[in-house]
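Peer 1: Take a look at the letters that make up each chain.
Number of protein chains: 2
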Amino acid sequence: MTNRIDRIDHVGIVCRDLDEAIQFYRSVYGFELCHVEVIESQGVREAVMRIGDPADEGAPYVQLLEPVRPDSAVSAWLDRRGPGLHHVAFGTGDVGAAADDLRGQGIPPIIDPPGIGPRGARVTFLHPRDCLGVLTELVEPPSFGAPAAGADPSAR
Amino acid sequence: MTNRIDRIDHVGIVCRDLDEAIQFYRSVYGFELCHVEVIESQGVREAVMRIGDPADEGAPYVQLLEPVRPDSAVSAWLDRRGPGLHHVAFGTGDVGAAADDLRGQGIPPIIDPPGIGPRGARVTFLHPRDCLGVLTELVEPPSFGAPAAGADPSAR
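Chains as they are written, first to last, in our numbering: chain A, 1 to 156; chain B, 1 to 156.
In case anyone wonders, no lab produced these hints; they're calculated from the structure.
For every residue, glycine included, the Cβ atom is placed at its ideal position computed from N, Cα and C.
Watch out, some of these pointers could steer you wrong.
[What the hints assert, rightly or not] Which bits of chain B does chain A cover? Going by a derived footprint, with three or more residues having C-beta under 8 Å, they are:
hint	region
1	39-48
2	65-78
[Stated by the list, open to error] Each pair of labels, with its calculated beta carbon distance range:
hint	chain 1	residue 1	chain 2	residue 2	range
3	A	H127	B	D100	36 to 44 Å
4	A	P113	B	E37	24 to 32 Å
5	B	E57	A	A73	19 to 27 Å
6	B	H35	A	D17	35 to 43 Å
7	B	D17	A	A97	43 to 51 Å
8	B	R69	A	G106	30 to 38 Å
[To be verified] The following residues of chain A were derived to be distant from chain B, with all beta-carbon distances above 12 Å:
hint	residue
9	I5
10	D6
11	A21
12	L33
13	I39
14	P60
15	R69
16	A76
17	G91
18	G96
19	Q105
20	I107
21	L126
22	G133
23	T136
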């Protein structure tokens, strides 16, 4: 395990209508829908559309986000900026060590220590004001095949 | 060669100060600077910072863009939206076939037929109005190791 950032895990895209966006990315680019869920804590409905081999759970993906509550952060984003690119997520083998490193550099992770996101990944975010305007997520994927120990059931 | 979109090639990020952004992505994430150039036709100075193995010319990267002319599209973007995520680029083995496919679906590529971009890649763009708000680039990488035949010298 290493805290090195070694890949683009996904790009997050805000949309007005998740079903329309799923259909767009499927028909235009051939991306495969792997997962849809409502994340109540964030007030969003999320779809994961994997790029490349859909059986490769480490392949990068497009994460489509539709707000389901007007008081959610994503709803405010949509009102302010319209639909489009929302964040980039970089992958690492150890998000806890990456968060420690960032804190040491004066960049406080928004979720500290990192939390358990959808599908058992460990994640944190960095605020755009600390990252030259880019909302940035760091993702440590779950150990595929193993039980997602510690996963937050409320996020499922 | 296939027109299948099979990876995230890069994310494009607009910044006010390219040197500051290069320093940020190097020191915070350890990304390696591979390339800097001015692209006169687009009025931008561009830096390529590869994620993962810098010797792997197929590895994804962050493309940092600083406007060098106030009348450039990127300058207008910066004035309107501030620094941050600008576009996502998907990789394909045959951008010409991908462009044909998109045109057939009623999505006109902005550069049609695809042009030669920096470092010999064949590229085109899709307008955000056709892509649910996302400025999207399609990239067919050059054949690494071979001369970049047909590369536009004015873009170098």
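Peer 1: Next step is simple, just say for each hint if it's right about the structure.
Peer 2: Do the hints match the structure? See the list:
| no. | hint | result |
| --- | --- | --- |
| 1 | 39-48 | violated (count 0) |
| 2 | 65-78 | violated (count 0) |
| 3 | H127(A) - D100(B): 36 to 44 Å | holds (42 Å) |
| 4 | P113(A) - E37(B): 24 to 32 Å | violated (40 Å) |
| 5 | E57(B) - A73(A): 19 to 27 Å | violated (37 Å) |
| 6 | H35(B) - D17(A): 35 to 43 Å | holds (39 Å) |
| 7 | D17(B) - A97(A): 43 to 51 Å | violated (29 Å) |
| 8 | R69(B) - G106(A): 30 to 38 Å | holds (33 Å) |
| 9 | I5 | violated (5 Å) |
| 10 | D6 | violated (4 Å) |
| 11 | A21 | violated (6 Å) |
| 12 | L33 | holds (15 Å) |
| 13 | I39 | holds (20 Å) |
| 14 | P60 | violated (5 Å) |
| 15 | R69 | holds (20 Å) |
| 16 | A76 | holds (15 Å) |
| 17 | G91 | violated (9 Å) |
| 18 | G96 | holds (16 Å) |
| 19 | Q105 | violated (6 Å) |
| 20 | I107 | violated (7 Å) |
| 21 | L126 | violated (9 Å) |
| 22 | G133 | violated (4 Å) |
| 23 | T136 | violated (9 Å) |
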